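Using the sequences and the hints given, assemble the complete structure.
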Amino acid sequence: MKKTEIQAAQLSGHFNYKRLLRYTFPSIIMLIFTSVYGVVDGFFVSNFVGKTAFTAVNFIMPVLLVLSSAGFLFGTGGSALIALTIGKGNREKANSVFSMLVYISLAFGALLTVFGILFLRPIAAFLGAEGQLLEDCVLYGKVFLLATPAAILQYEFQCLFATAGKPQLGLYITFAAGIANAVLDALFVAVLPWGLPGAAAATGIGQFIGGILPLAYFARPNHSLLRLTKAKFDGRAFLKICTNGSSELMSNISASLVGMLYNIQLLRYAGEDGVAAYGVLMYVNFVFLASYIGFSVGTSPVVGYHYGAGNFGELKSLLKKSLAVVSVFAILMFASSLLLAKPLSLMFVSYDAGLLDMTLHAFSIYAFSFLFAGFAIFGSGFFTALNDGLTSALVSFLRTLVFQVLAVLLLPLAWQLDGIWASMVAAEFLAVLVASLFLMGKRKKYHY
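Taking the working numbering, the leading residue of the sequence shown gets 39, the next gets one more, and so forth.
Derived from the structure by calculation, the hints contain no laboratory data. Since no wrong hints were added, every one of them can be taken at face value.
With a straight-line cut-off of 30 angstroms between C-alpha atoms, the simulated BS3-like cross-links for lysine-lysine are:
{"id": "1", "residue 1": "K358", "residue 2": "K126"}
{"id": "2", "residue 1": "K89", "residue 2": "K380"}
{"id": "3", "residue 1": "K278", "residue 2": "K131"}
{"id": "4", "residue 1": "K483", "residue 2": "K358"}
{"id": "5", "residue 1": "K480", "residue 2": "K56"}
{"id": "6", "residue 1": "K126", "residue 2": "K278"}
{"id": "7", "residue 1": "K482", "residue 2": "K354"}
{"id": "8", "residue 1": "K278", "residue 2": "K359"}
{"id": "9", "residue 1": "K126", "residue 2": "K480"}
{"id": "10", "residue 1": "K126", "residue 2": "K359"}
{"id": "11", "residue 1": "K180", "residue 2": "K89"}
With beta-carbon atoms standing in for the labels, derived distance ranges:
{"id": "12", "residue 1": "I217", "residue 2": "G348", "range": "39 to 47 angstroms"}
{"id": "13", "residue 1": "L277", "residue 2": "F153", "range": "18 to 26 angstroms"}
{"id": "14", "residue 1": "S388", "residue 2": "K354", "range": "45 to 53 angstroms"}
{"id": "15", "residue 1": "D395", "residue 2": "R129", "range": "52 to 60 angstroms"}
{"id": "16", "residue 1": "R306", "residue 2": "N85", "range": "24 to 32 angstroms"}
{"id": "17", "residue 1": "L59", "residue 2": "V152", "range": "39 to 47 angstroms"}
{"id": "18", "residue 1": "Y389", "residue 2": "K270", "range": "53 to 61 angstroms"}
As the structure is a prediction and not an experimental result, all values here were calculated from the model. Glycine included, each C-beta is placed from N, C-alpha and C at the ideal position.
Spelled out as structure tokens, the structure:
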């Protein structure tokens, strides 16, 4: 049997719990390592540059993440279409779509870099940054944006490595990128006096490793299911990719927009300390939600393959087992967030007693959101894998934008600062209800 046939066989057959976890584990770790980039930046900036600089990183980060979120659009949408195409036995078409996607990503990333650098200052000022906070936002953001094309490719390949049957290789590359980021953060910020530009440069170099090394791998003859080839623009396929991945794009853009709204509300109700406390919560949120997103990304090509091959019994089994896994994750993450609240808060804001108390109190409320978040994330990802981008996008749109915006605007009117911390809990709970209704309502259509 050829190695490419062996890789294809990894998507076929029955997935018990052990096989499902083994296949999705690399994707989970990849997403966690990527989310740790910001955590490492925050740790070194907070402890070696200062509270205002730490607040600036957290304040401008949602804007920066909006620009690199195209990687999730192309990665998840492309992964679903490519897996479906492989499931139908058309490998040549799959490679053509894959190659087109990579070339478009590079060009789009370059355009976003130019746009971001030109408009970063007015955007930060519009959101409420002024004085030293504004200058720090611009200083960090301009260096960070130089790596946007690589960041888009990194997020994209994290999805596509699983589709290519090489999740382990994706894990190794992401691990190398994460280690490089951590080491360079220590060097540029703690040892060398480079401050915010050093932290941004460390993250950018890590993203170059995570985005460019996979590019080199797929450009050469390899034993995966995918390879870069010459490709013509296929408007129909590209539209399908954008439709499939619109939910993940919406999720990331909405999360960033809501993050900006949270920062505005926190400046109003608690000042810069509120933004700093929210930043610590977001670091934990990034890591925990990365586990859910990684599991969803890992299961996506398997779901897409079996749906494309018409294996509906296996599709039903995958849904049942995935929901059970997410349930276990939810309990573990809720418990972990409560147990780790104090040590994590001390790691970032031990130098300010008032800020530490605020952060610990926020954790006691925000932790409940982890009980619900995974179900909505998986539900949206499941419909993406079925190439039902509209349903997936609707779940994400409601979860990450509508429910959160309403909650963060309305709940503080009744409960002040506690209302802001509780906003995510309310939004995630409502999103689970919506995802459940769609899963029940579309059983007959997709035969799961």
